[in-house]
Amino acid sequence: MSRSLADHVARIRQAESGPEGLNAFLSLADPTVDADGTGSLGAHDPGTVGGAHGTGGSNAGDGPLAGVPVAVKDNLATAELPTTCGSRILEGYRSPYDATVVRRLRDAGALIVGKTNMDEFAMGSSTENSAFGPTLNPRDPSRVPGGSSGGSAAAVAAGYVEMALGSDTGGSVRQPAALCGVVGLKPTYGRVSRYGLVAFASSLDQVGTFGRTVADAVRLLEVVAGHDPRDATSAEVPVPRFTEALDLGVEGLVVGVPREYFPDSLDPEIRDITRKALERLEAAGATLRDVALPSTELAIPCYYVLAPAEASSNLSRYDGVRYGVRQAGEDIEDMYRRTRADGFGAEVKRRIMLGTYALSAGYYDQYYGAAQRARRRIRTDLNRVFSGGVDVLFTPTTPGPAFRLGERVADPMQMYLSDVFTVTANLAGVPAVSVPIGEVDGLPVGGQIVAPRWAEETMIRVASTLEKVS
Amino acid sequence: MSVDREEVRRIADLAKLELADDEVGRLADEMSRILDHAQRLQEVEEATGAGADAVDGDPPPGALRWEGNPMDPDPLVHPLHTVAPDLRDGFFAVPRPPGVVDGEGDDPSSDGEAADTSSEGG
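So the protein sequences, as listed, match chains C and L. If you count the first sequence from 1, position 100 lands on 100 in this note's numbering, and the numbers rise without skipping. All you need for this note's numbering is the position in the second sequence, starting with 1, plus 1000.
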């Protein structure tokens, strides 16, 4: 029996209010609230906002996601629910428009149940940087769900929703998917509109999809993908029927295994689980090939110069002038400084500082210029491997399973290294997906499939096969 | 790469961030360690040549091709005054800039939050 939006929200609210609440949501829809209804945000008290039109499509019975409960990460603009990006500086902010992907969800009949928790402005790998408290991992609530899309990953893993939207700038869909034991997919840069996705690093950001299964994540991608004239980086590339790739198998495909992703220091259990997944793919008809990606060592330093540099520019708009929180100041400059000091958390400030430094006179070429040149080398490396007959790459998604809450907050560099296997796909603009492939001490572990640009279908063939043979 | 407290304050000024003293010290330490890691970019360039073998991939079809703007702006679902901190007569009201004194094209009746600027006369 299909449930209504109100039923889903009530179920989630009850679960989240109890002792096993995960703090996965920052706001929940309530179609019974009138158009002027408002709610308050709190770490364990998701606010309730909504409108007379609710958050389901006007033709809710007709579309490909008709009646499907979906969650949306809180950096995607929604007119009927707050959009905070997990930050105090946007606390209570109501966007005057919907993101294109949100609009497409409504048109498909999806039931948007709420906005999910995230690391502030998508900067983080654990959701501990949210101004509204961390989300807990449904598989072990003493551990992080990953980030920055931790709320979306947890919401799917906990069964609150069937699918969710996230954003992936350096791994923020794939890494939490791996740590929560669900599927997380990042498409080719330009495949999905960024209109209404609050910008963190504009050349790296992409909307990604979560699902309990590969099929769910792919169904959601089919709905949100496609050219959008509102987004200048949205490519005019036809959207294939991705779901048709789910049953094509891997016969004849060549799977590259980059040796740099299996260093001697890799956790032996992760290595073992990944190797067994590769053996299953080989048994299913794929050919494995050892490949080299020597630029891999540049990926983290490259990302952690470029992303903060772009973020320092994108976040300069949060100045208290036109929207968001404003702190009083003696003059406008003072207002800017106090607003930003009060509104941003420590990680966001750190990245703004790093980015501003990398772009400042005297350091621009040494850091930003060098990072851009490194990015080109990384893309060239990947192009060389894919042009040499490799269809996809297969790697671990993360160097380890979910870590404990608080374990890495003291050392930002240690947290940044969580992204070591995921950032390359963002730097090169290629699609990648994480699929559950096993467990370490009862905690889920993900395997990552990376494909050439626009080759999501090939990636889906491998992901779907791996899911079937696991 | 060592970043000292003075440098942190200079960068914070560029970034329009007000930092507490303890934040300055902490950021100096953290930025130094992160930028040390980023030094690898230059080391590789010096060892192998900067982008000597780099060839750009093709841009995605249709990307960045400007054909004018076919879209009219979306109508706002919520009026501007519901999101703006201080909207007056269609303008975003802000404190006056530093050094701007009374009478310099400024309407005193719209000066909501700025502190009283000292008179420059006399």
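It is possible that part of the hints are untrue.
[What the hints assert, rightly or not] Below, computed lysine to any residue pairings styled on SDA-like, alpha-carbon distance capped at 25 Å:
1) C:Lys276 with C:Thr233
2) L:Lys1016 with C:Gly92
3) L:Lys1016 with C:Ser202
4) C:Lys468 with C:Val255
Worth flagging that the hints you see were computed from the coordinates, not collected in a lab. Just so you know, these numbers come straight off a predicted model, no measurement behind them.
Now for the hints, and whether the structure bears them out:
no.	hint	in the structure
1	C:Lys276 with C:Thr233	violated, 38 Å
2	L:Lys1016 with C:Gly92	holds, 23 Å
3	L:Lys1016 with C:Ser202	holds, 21 Å
4	C:Lys468 with C:Val255	holds, 17 Å
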